[in-house]
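Chains as they are written, first to last, in the numbering used here: chain A, 1227 to 1506; chain B, 2 to 384.
Keep in mind that a hint or two might mislead.
[As the list claims (entries may be wrong)] List of simulated lysine-lysine pairs, DSSO-like, C-alpha gap at most 27 Å:
1. 123(B) with 186(B)
2. 186(B) with 201(B)
3. 1406(A) with 326(B)
4. 149(B) with 1492(A)
5. 172(B) with 1406(A)
6. 1406(A) with 130(B)
7. 1406(A) with 149(B)
8. 304(B) with 326(B)
The hints are simulated quantities; they were obtained by calculation from the structure and are not laboratory data.
A quick note: this is a predicted structure, and the numbers were derived from the prediction, not measured.
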Amino acid sequence: MIGRRSFLVTTMMAFGFAFLYIPILSMMVFSFNESRLVTVWAGFSTKWYVELIHNDQIINAAKLSLKIAAINATGAVILGTLAGLALTRFRRFKGRTLMTGMTTAPLVMPEVITGLSLLMLFVAMEQIFGWPAGRGVTTITIAHMTFSMAYVTVVIQSRLSTLDESLEEAALDLGARPAKVFFLITLPIIFPAILAGWLLAFTLSWDDLVITSFVSGPGSSTLPLVIFSKVRLGVSPDINALATIMVSLVAIGIVTAGFYMQRQEKRRERDIQAALAINQ
Amino acid sequence: MANVRPEHKLEPWKDPSAEPYIRIEKVTKKFGDFVAVDDVSLKIYQGEIFCLLGASGCGKTTLLRLLAGFDEPTAGKIWIDGADMAGIPPYRRPVNMMFQSYALFPHMSVEQNVSFGLRQDKLPRGEIKDRVDAILELVKMTQFAGRKPHQLSGGQRQRVALARSLVKQPKLLLLDEPLGALDKKLREHTQFELVNIQEKLGVTFVVVTHDQEEAMTLASRIGVMNHGEIVQVGTPGDIYEYPISRFVADFVGSVNLFEGALIEDEPDYVRVSAKELGGHFFVNHGVSAPPDATVWVALRPEKIVISRDPPVMEGEDNRVQAVVKEIAYLGDVSVYLVRLPSGRMVRVTRPNMRRQSAAVDRITWDEEVWLSWDASSPVVVTQ
């Protein structure tokens, strides 16, 4: 009985992983393909990587995407933290429910609608104030911030709601003014959540295509836009190479983080054991 | 449960000219429609350990938070050390608080936690170090100065929290269930430690607790709270021996309550007839009650003598025959639940002065016994 169940579980797991990772693996393999045809294997080569490095269009798009993602993440974290604080710390204010709904609405809003409405807003604003002049990096960054802020707010809010409020009260009680309490107590404690929110916002912006395509202009092609337009003309192996690099970077990042967290957890457990032993 | 304070301790509340350190006047705190603190007036004096005792939700913690400044009273005024506290934020009050959860800053070491308050006052570095060292010495945590809170046990955290709230040398320390998270042994030990530290530093303590034993051990005076009101204020002895109402009698310790009517009401004694008792209480102190009022007689279980033979005493009052129904052996005492002829169960406790095996002649289940008590033991309450 147990043997059969574990066989079933193993099979299902194998199918699951195969479903998730075979496409990525095949892409990685074909990035080392000699041939220009993506589906025909013609021997090992790293020439697409070399070509990628020399492809200014892709390199520039990647740089632009990184820049937008970083600015967006920073802005979204600041706004999201403020919104999270308002929603958890000020329990009773007028329109609180409305604000909760409105900050988290972009999570469920179809991207097409968000993109279109932002485009219309930007056009109208340009006609009335003359800003933002045309579509470009500024409009993309603003658009990304509007939706990634919602994600950051949710992350920060859930961290703050489990934060013992008496920590902040204790700091007040010991003579720290409210602003100081925030920077010395609240911020350091919720820092992991802020970091997580930053990374989340960064990733959301890094691979956003739909909204970006509405609000981008000439000379502001982000990496997803470039890849998408290139793929429409037929998949070229240098895109495979680019994707392989990105997947590898992410994998290394995740493995390192996991390793680090495991070590932290082990050290914590050891410390607790030591504390208990001394107390005996 | 003995009070550890010396007998010659001053009792400032008996001196009408004494200036109270905290004066709470007609303070009410409402949250929406809910009245958490209802028209409370209190005077607490310098050097006291004042315990606010009550069940959870009775408003004791709210009252403490009003003193700390985390909440503002809806009505009424609070003076601390002669200054009106209205509108004064927590960081400007001469008050520190020890939180129920201890509220140690998780990202700071023990030393950084303790020095936090001094750093806010921008004291010179040398002085901060001296004072932190001294207070860690006092709570015996010097060797853990570099630890983070999660590397400490519950008792150690409690001591760090105490050190952190004392290091600024506040004149008033508020403690919210200070010993709630500790196990029983550690709690008893820490109770005495707290009292020692308080006497050494001369700080006024206001302690919130739901544990009557804790209140009895620590307090110079206890304020019993119920539904946001202060029901009775007095020394632990007053509260226990002279409760003013059924609620207090029942909340502090355990008690047998009998409803009855005054049949003789003299200045120096009263007699109460109680239907459930099947007899009369003779109480050797007067009662201030209207003649035909219903009264209740409160009789503590440990003040009842249980015996096989009829008690040798004058008259027919303060005695009753009963049958033992339950016996609970608790080690130091045994609890007997006995049934009166009226069917009413009465709780009696008796110290186990001999080892069980040595007590050949033990009273046992379903035995006919006599209950009797001294005329000074029952307390008559009118509400």
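Structure-based check of all given hints:
no.: 1; hint: 123(B) with 186(B); result: violated, 39 Å
no.: 2; hint: 186(B) with 201(B); result: holds, 23 Å
no.: 3; hint: 1406(A) with 326(B); result: violated, 64 Å
no.: 4; hint: 149(B) with 1492(A); result: holds, 15 Å
no.: 5; hint: 172(B) with 1406(A); result: holds, 24 Å
no.: 6; hint: 1406(A) with 130(B); result: holds, 22 Å
no.: 7; hint: 1406(A) with 149(B); result: holds, 21 Å
no.: 8; hint: 304(B) with 326(B); result: holds, 19 Å
Going down the numbered hints, you'll see the structure goes against 1, 3, while the others check out.
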